[in-house]
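Given chain H, work out where chain A should sit, using these hints.
Below, each chain spelled out in residue letters.
Number of protein chains: 2
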Amino acid sequence: MSKAIVQVQLDHGRAYPIQFSGLQALPSLLDANGLRKGSCIIVTDTNVAALYLETLQDILHESGWRDLTAILLPPGESSKHPNLLQRIYDQALGAGIDRQTPVLALGGGVIGDLAGFAAATLLRGLPLVHLPTSLIAQVDSSIGGKTGINHALGKNLIGAFYQPKLVLTDLDLLQSLPELEWRSGLAEVVKHGLIADADFAEELSTNWDSILRRDPAIIRHMVIRAAEIKADVVSEDEREASRRAILNFGHTFAHAIERIAGYGEFTHGEAVALGMRAAARVSAMLNPDLPHEIINSLLQRLPVRNSIRHLDPKELLRVMYYDKKVQSGNLRLILLQEIGSAYITNKITEKQILSGWNCLIEP
Amino acid sequence: MSKAIVQVQLDHGRAYPIQFSGLQALPSLLDANGLRKGSCIIVTDTNVAALYLETLQDILHESGWRDLTAILLPPGESSKHPNLLQRIYDQALGAGIDRQTPVLALGGGVIGDLAGFAAATLLRGLPLVHLPTSLIAQVDSSIGGKTGINHALGKNLIGAFYQPKLVLTDLDLLQSLPELEWRSGLAEVVKHGLIADADFAEELSTNWDSILRRDPAIIRHMVIRAAEIKADVVSEDEREASRRAILNFGHTFAHAIERIAGYGEFTHGEAVALGMRAAARVSAMLNPDLPHEIINSLLQRLPVRNSIRHLDPKELLRVMYYDKKVQSGNLRLILLQEIGSAYITNKITEKQILSGWNCLIEP
Numbered sequence: 001m002s003k004a005i006v007q008v009q010l011d012h013g014r015a016y017p018i019q020f021s022g023l024q025a026l027p028s029l030l031d032a033n034g035l036r037k038g039s040c041i042i043v044t045d046t047n048v049a050a051l052y053l054e055t056l057q058d059i060l061h062e063s064g065w066r067d068l069t070a071i072l073l074p075p076g077e078s079s080k081h082p083n084l085l086q087r088i089y090d091q092a093l094g095a096g097i098d099r100q101t102p103v104l105a106l107g108g109g110v111i112g113d114l115a116g117f118a119a120a121t122l123l124r125g126l127p128l129v130h131l132p133t134s135l136i137a138q139v140d141s142s143i144g145g146k147t148g149i150n151h152a153l154g155k156n157l158i159g160a161f162y163q164p165k166l167v168l169t170d171l172d173l174l175q176s177l178p179e180l181e182w183r184s185g186l187a188e189v190v191k192h193g194l195i196a197d198a199d200f201a202e203e204l205s206t207n208w209d210s211i212l213r214r215d216p217a218i219i220r221h222m223v224i225r226a227a228e229i230k231a232d233v234v235s236e237d238e239r240e241a242s243r244r245a246i247l248n249f250g251h252t253f254a255h256a257i258e259r260i261a262g263y264g265e266f267t268h269g270e271a272v273a274l275g276m277r278a279a280a281r282v283s284a285m286l287n288p289d290l291p292h293e294i295i296n297s298l299l300q301r302l303p304v305r306n307s308i309r310h311l312d313p314k315e316l317l318r319v320m321y322y323d324k325k326v327q328s329g330n331l332r333l334i335l336l337q338e339i340g341s342a343y344i345t346n347k348i349t350e351k352q353i354l355s356g357w358n359c360l361i362e363p
Numbered sequence: 001m002s003k004a005i006v007q008v009q010l011d012h013g014r015a016y017p018i019q020f021s022g023l024q025a026l027p028s029l030l031d032a033n034g035l036r037k038g039s040c041i042i043v044t045d046t047n048v049a050a051l052y053l054e055t056l057q058d059i060l061h062e063s064g065w066r067d068l069t070a071i072l073l074p075p076g077e078s079s080k081h082p083n084l085l086q087r088i089y090d091q092a093l094g095a096g097i098d099r100q101t102p103v104l105a106l107g108g109g110v111i112g113d114l115a116g117f118a119a120a121t122l123l124r125g126l127p128l129v130h131l132p133t134s135l136i137a138q139v140d141s142s143i144g145g146k147t148g149i150n151h152a153l154g155k156n157l158i159g160a161f162y163q164p165k166l167v168l169t170d171l172d173l174l175q176s177l178p179e180l181e182w183r184s185g186l187a188e189v190v191k192h193g194l195i196a197d198a199d200f201a202e203e204l205s206t207n208w209d210s211i212l213r214r215d216p217a218i219i220r221h222m223v224i225r226a227a228e229i230k231a232d233v234v235s236e237d238e239r240e241a242s243r244r245a246i247l248n249f250g251h252t253f254a255h256a257i258e259r260i261a262g263y264g265e266f267t268h269g270e271a272v273a274l275g276m277r278a279a280a281r282v283s284a285m286l287n288p289d290l291p292h293e294i295i296n297s298l299l300q301r302l303p304v305r306n307s308i309r310h311l312d313p314k315e316l317l318r319v320m321y322y323d324k325k326v327q328s329g330n331l332r333l334i335l336l337q338e339i340g341s342a343y344i345t346n347k348i349t350e351k352q353i354l355s356g357w358n359c360l361i362e363p
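Those protein sequence lines, which keep their order, are chains H and A.
For the first sequence, this note's numbering assigns the number 1 to the initial residue and increments by one for each residue that follows.
For the second sequence, this note's numbering assigns the number 1 to the initial residue and increments by one for each residue that follows.
The following block holds chain H by itself, in its conformation from the complex (with noise of 0.2 Å):
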């Protein structure tokens, strides 16, 4: 049995849990983490809403929690405007918060990155809870503080690092999520496993097929490593001075894709499984000893419904200088040395980079 909590280190002694129990457990968890029974703000989106916000209220009506403002967004990607920011500031504020009111974040990424920003920058800072519905949510987003919505000129681009008080992760809702987002979030799941973990890049290719079927004792276990890998790094470098950038592997590429293709074309995880593939042939051009065909065919595993061969590279190529990672004009990229191991790099011709781009292109 895999254990039920992990926690999340920071820097001077702080920290946080991501418990691993049935939404049941929240009110005696938002009592153990400090947070005085009293109103509360719900942001959701309309889909997680539909199934699962009656039960969330009735849990916190039954245990003396009051006031609950449900704040619902349309869901997807095109939410993290700030119009949609805005609309949280109305509807929270409206609500009368002050600074004790958390706010509860349920959903996957998107709703994640939304309600934690809309939850930093609400009275210079709300309590922030993550109740993670989705497979990325659970094993990436709601893991590490990072928050923000989108700008014309790119993803993510404003934002804040601002802790949650507590991340409560229900295994079950995984059982429902669409096959697509299941799908989607097992990119970061290898993602983990390549950059971090040897042992589980190979423990998910022998599971694989029990992994597509949500086998619940294999995804137990797959979550739980795949955030505790997140957590790791996360702990290492809470403001991404240098390692936590190793979580970005594949994604300066895949926010290329995202961008140049319309947000919506293509899944997160599916950009990012495309990313993976041109940084794993970025890495294995600058060291033959990579096993790139195991690593190819872990990736190959991750379906991925479109092409991007009417994508034209010299254009994937230039919005990827607008990506945060770009430092004083050098682009960053993640490699793999190994698998099991990544590193950052900022040594990377334009040419290598066009390589990467075009193993996606070339048949």
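Calculated from the structure, these hints are not laboratory results.
Below are the PhoX-like pairs computed for lysine-lysine, each with C-alpha atoms no more than 25 Å apart in a straight line:
id, chain 1, residue 1, chain 2, residue 2
1, H, Lys165, H, Lys37
2, A, Lys37, A, Lys165
3, A, Lys37, H, Lys347
4, A, Lys314, A, Lys351
5, H, Lys37, A, Lys347
6, A, Lys314, A, Lys347
DEER-style ranges, computed between Cβ atoms:
id, chain 1, residue 1, chain 2, residue 2, range
7, A, Gly38, H, Gln24, 51 to 59 Å
8, A, Asn346, H, Asp172, 40 to 48 Å
9, H, Thr46, A, Ser63, 53 to 61 Å
10, H, Ser21, A, Pro291, 52 to 60 Å
11, A, His12, H, Asp232, 16 to 24 Å
12, A, Ala241, H, Asp172, 33 to 41 Å
13, H, Asp67, A, Glu77, 27 to 35 Å
14, H, Arg309, A, Gly34, 40 to 48 Å
15, A, Pro291, H, Asp232, 58 to 66 Å
Model, not experiment: these values are computed from the prediction.
The C-beta atom is built at its ideal place from N, Cα and C for all residues, glycine as well.
Showing chain A alone in chain H's frame:
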């Protein structure tokens, strides 16, 4: 001779300096505080730009800074608006910033709050440097990391605690400050004496005529001491969990005045001067030993051009409950125990607050 530097000590060994020097010291101070020479963003307003922008750009250019992007905003409180924040985002991101690009906030309190919040949220945080040009910014708003913008429901409701890397305070800039702004800033100076340093409050009374005519030696001593008081209070309680709230003496009343009268009818300093009179009146009701006459005679020296007699005390009372300092439904007020000592209470009745308002309204 007063010391030329005040350290703001924060939790966990963090600290930053307030340096009292001419603007020409900026390049060496940036270097000393770990900010690498490169491109930078300057946020200012059109009034301040006309006086100092070219000088600042020359100083930076001469020492090898390049790609200086100046973002000019309209002067005044109405710039603390989401649209102007968005304009900073657009111009800064359009200029191709990275996470090392410093944001220099050249201006008064509005520019400091707005540019500070932009710095806090661009790429999840850029290095921030305050170059305060007004008295209120030099003794108050540039110190302590409060940043933010206004919302239709109240001032500063959206924001972040975000500490600068450096505050460079050029006292010579105060000589060209418009008279109205000079007098507005004096309200915060007097506040610092009343809440934390009886000797300083007495000095202010004694030197009042020299202060009004901006005697350089007197105001040097005054600004440094007022900044030091602010830094000390912030050091004890960076995130306003408790003691820092004493800096809000008079401000809950002041925010209500600004809101009901309409922003701009009173300067912030005038509203604070009036708010302190109301708060002193409530303080005296609760503590008959308070030397109310002495306090009032100091507060009456702060010139206020308009009366609030046309405002409805019940309306003023109502909007006080929108303030961030409302905690779980109880209005929290800062009152004086004696001159130089303030305390926080949430045990004030509406009737007592109304008496505070009435002392401003009745003849």
